[in-house]
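Novice: Top line first, the protein sequences correspond to chains A and B. The number in the working numbering is simply the position in the first sequence, starting from 1, with 159 added. The number in the working numbering is simply the position in the second sequence, starting from 1, with 206 added.
FYI, nobody ran anything at the bench for these hints, they're computed from the structure. Some clues are possibly wrong.
[Claimed, not checked] The calculated lysine-lysine pairs, modelled on BS3-like cross-linking and capped at a C-alpha distance of 25 Å, are:
hint, chain 1, residue 1, chain 2, residue 2
1, A, LYS326, B, LYS314
2, B, LYS401, A, LYS329
3, B, LYS517, B, LYS348
4, A, LYS326, B, LYS348
5, B, LYS387, B, LYS401
6, B, LYS387, B, LYS348
7, B, LYS606, B, LYS348
8, A, LYS329, B, LYS314
9, B, LYS268, B, LYS212
[Claimed, not checked] Derived contacts from chain A toward chain B, CB cut-off under 7 Å, selection only:
hint, residue
10, GLY330
11, LEU331
12, ALA335
13, ALA343
14, ASP344
15, VAL348
16, LEU462
17, ARG466
All of these numbers come straight from a predicted model, not from anything done at the bench. Where is the CB? At the ideal position from N, CA and C, for every residue including glycine.
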Amino acid sequence: MIDLVLLGDVLAGTARLGTPIAFAALGGVIAERGGLYNIGLEGQILAGALGAAAGSFATGSAVIGLGCGIICGLISGLLLGYMSVRLRINQLVGGIALNLLLAGLTAFLSRQIFGAQAGGARVKGFSQIDIPFLSDLPVVGPSLFSQDPLFYLLIGLAIAAWFWLMKSHKGLDLRAVGENPKAADLAGVPVFRMQYLAIAVSGALAALAGVHLVLSQVYVFAEGMSAGKGFIALAAIILGRWSPIGAICAALFFGFCDAVQFKLQFTSPEIPYQLFLILPYLASLIALVVLGAKASAPASVGLPYDREHR
Amino acid sequence: MDPFLKVTGICKSFGAVRALHNVNLLASKGECIAILGENGAGKTTFASVLIGLYQPDNGEIKLGGTPVSVTSPARAIEHGIGMIHQHFSLVGAMTAEENILIGLPSTKRGAEARARIRQLCSDFDFNIDFDIRVTEMPVGMKQRVEILKALFRDVSILILDEPTSVLAPTEVAPFLKGVRKLVANGCLVFFISHKLDEIREIADRVMIMRHGRVEGVLPVATTPMAHMSALMMGEKSTGETVDTPKAKKARNDTSSAPDALVVSDVCLTDPGGAEILQDVTLSVKAGEILGIAGIDGNGQTELSEVITGLKRQTSGTIHLNGTEISSASIASRIADGIGFVPEDRHAEGLVLSLSVEENMAFRSIGEDRFMSGGLISRRAMHEIASDVVAAFDIRPPDPKLNASALSGGNQQKIVLAREVARARNLLVVVQPTKGLDVGATEFVQNQIRAVAQSGVGVLYISTELEHVLDISDRVAVMAFGRITGVVDPENTTLQDIGLLMTAAPEEVQ
């Protein structure tokens, strides 16, 4: 019986720790399918987190916090889009610049907004929602069907994104842009508009990761609270083979590794905990080496499209 | 009545390069107009303006009497203008159907659309496999997908950019038949080409371009080919082409010359186990041009890569001037005086984002002539490149331009100039005239002859049989990774070579 409890704990931890990575990875998939690298995921998580904290702090409403977080993500996505699509600067450099900008800006703004309470301003967040009947199931019930609303939103968005990307006409157009923007352009696809759309949505999704951190996990904004999740999300994109569903699975796998290492820290106090901290990163490295080798990215990802290029 | 298409005063410059200068044209429906011109004459630029890829600096386009501004390819489609690019614009990872449907409004993508694609396909007798992805298709099929894509968009103006240059000889006739059908259905077809015989066969009128200007728009039926070619070449046609009687018969007697290159029993097996080269044995004497003929993909490219060190043979030996180089590095083969003009000048021959002078220097940058006090001398580089640009008539004559700004023929001249200078003992050229017009081809051939006359052995690999026969002292024919025969180009018939080229594997000893 004790093992079942442990399993339940790990599953619940997987969902909780994997959700932010999954949101960011989903955002990355949308951007890369449209031919743009979104290296700025990490910074956009922070933007979303700050937006959510500030919105909820000011109004006392978690839903308004959610809205503010999404808006921050959209703006940061459009900024990256402007750099990548319009200015055609190197997308890796642009993304790194955005990460640095947002890390500094969110730290600065959080002190402006929360003032003396910095680091301690608790905001109203979401509480868990029990899905009738399913949440009463043993083991999986409490861990998977008694989560916060953002977890259910994630599952819904992942399925919707998959359907849109793989089955809808506009999704086909976006994939064509990521594979061969010139071909898409000549076929009448508004390439630049599609790319702006993709990068804005990507920013909003990454922001949802930050929203989840603040409104569903710790109820407070902390500087640098993204803690590398945006970068693990980049690995999840590759591991998930640029598929929305695949990326979510990969992200949850990383969440699982994280949950396991937390458990191991408690159950084996004699082993230095730093060794366990390595686990998620080691798993992502191994998974990339073993499974990522054959993955093929959208053919034109990262290459700025210039119509008059000769 | 207003003409269907009226183009007035189109100008387009790229930086200092004038690509189009005051282009005017009137055209009506159901007409096939060939656009003839040398590489860099502005044919593709003109087409790109019509299709909305380039915005003209000046000028006006009228359709049915109404001025239209084609600001993007999407707008061009709205106006019924479509273009099929030389190198295609398809998404490799998608199927034919997905490629055709990209970018259309949702209302045109339902089940009827799929039915109509297949209907069009059978109307035009197109053989297209709808189950595979575009990357898996042979070139001819990709082209048919492109045409179908344009047809599905109900184009009334279709621009074909050198459509036959990528096709196998057997695919050309069915393709031209399809084009004729389009014209008969009332489509205005622009056919960009520099093959005069094709233009004769397909076009009603020919628009001849030179240096970005229209030299004339003439009816094909009543214009002698010589006149077309004279307009296309300008003053050159009375100069070079006539004065240099095909220098081919002025061959060196190389029978007593030493062997420059000896390839013995070379085999190459790819990681999948397929035998790419099987017991290839050949020799090239100093001052001799050995042609390698064969249908594309029979091991010719790999042979050139084995000789230059890009690929390592599975077994067999290679000797240069009597010294074994079978396992020598690429760098030491270059140092031994092997020059190499690769098949794909964009991917392997040039760094397109570097300037012409940098491209000419980069393989020899450590040599004294480019150095001054241990550092690169920009001035020496510029001076040496300027001389070569003048000697090879590379246009535009500015060595500081990026290689990407030049046309295909001029890019090939850069590679050739550089490699000829390096080839002290052996020059390996692969498809040197691919995509080049008549003038540039002649020039390239003459340069290669001059190299041979200076005592360098030349291995001339090409799928263009006429060129191989024209230039070579001896011709080896490859099929299925083997040399199926070596013939004297003066005492052989096309039929004989054709037989050697298609020798079925079991008939090859």
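Novice: Would you mind marking each hint as holding or not holding in the structure?
Specialist: Structure-based check of each hint:
1. The straight-line distance between the Cα atoms of LYS326 of chain A and LYS314 of chain B is roughly 15 Å, inside the 25 Å bound, and the hint therefore holds.
2. Proximity of LYS401 of chain B to LYS329 of chain A is assessed by CA-CA distance (about 41 Å); at most 25 Å being required, the pair is judged violated.
3. Among the hinted pairs, LYS517 of chain B with LYS348 of chain B is inconsistent with the structure: their alpha-carbon atoms are about 29 Å apart, more than 25 Å.
4. At most 25 Å may separate the alpha-carbon atoms for a hinted pair to count; LYS326 of chain A and LYS348 of chain B meet this at roughly 24 Å.
5. Restraint check: the Cα-Cα separation between LYS387 of chain B and LYS401 of chain B comes to about 21 Å, which is no more than 25 Å; the hinted pair holds.
6. Proposed proximity of LYS387 of chain B and LYS348 of chain B is supported: the alpha carbons are some 19 Å apart, at most 25 Å.
7. Pair hint LYS606 of chain B plus LYS348 of chain B does not hold up; C-alpha atoms about 37 Å apart against a cutoff of 25 Å.
8. In summary, the hint linking LYS329 of chain A to LYS314 of chain B is supported, as the alpha carbons are separated by about 13 Å, within the 25 Å threshold.
9. Using a Cα cut-off of 25 Å, the hinted pair LYS268 of chain B and LYS212 of chain B holds, with the two alpha carbons roughly 5 Å apart.
10. Taking 7 Å as the C-beta cut-off, the interface hint given for GLY330 of chain A is violated, the closest approach to chain B being about 11 Å.
11. Contact between LEU331 of chain A and chain B, as hinted, is supported at the beta carbon level, the nearest pair being about 6 Å apart and thus within 7 Å.
12. The interface hint given for ALA335 of chain A is met, as the beta carbon of that residue sits about 5 Å from the closest beta carbon of chain B, less than 7 Å.
13. A distance limit of 7 Å between C-beta atoms decides the matter here; for ALA343 of chain A the minimum to chain B is near 6 Å, and the interface restraint holds.
14. Nearest Cβ of chain B to the Cβ of ASP344 of chain A: about 5 Å, under the 7 Å cut. The hint holds.
15. A hinted interface residue such as VAL348 of chain A counts as satisfied when its beta carbon comes closer than 7 Å to some beta carbon of chain B; here the least separation is about 4 Å, so the hint holds.
16. Because the closest C-beta pair between LEU462 of chain A and chain B is about 13 Å apart, greater than 7 Å, the hint is violated.
17. The restraint placing ARG466 of chain A at the interface with chain B holds, with a minimum CB-CB distance near 6 Å, inside the 7 Å limit.
When held up to the earlier numbered hints, the structure conflicts with 2, 3, 7, 10, 16 and fits the remainder.
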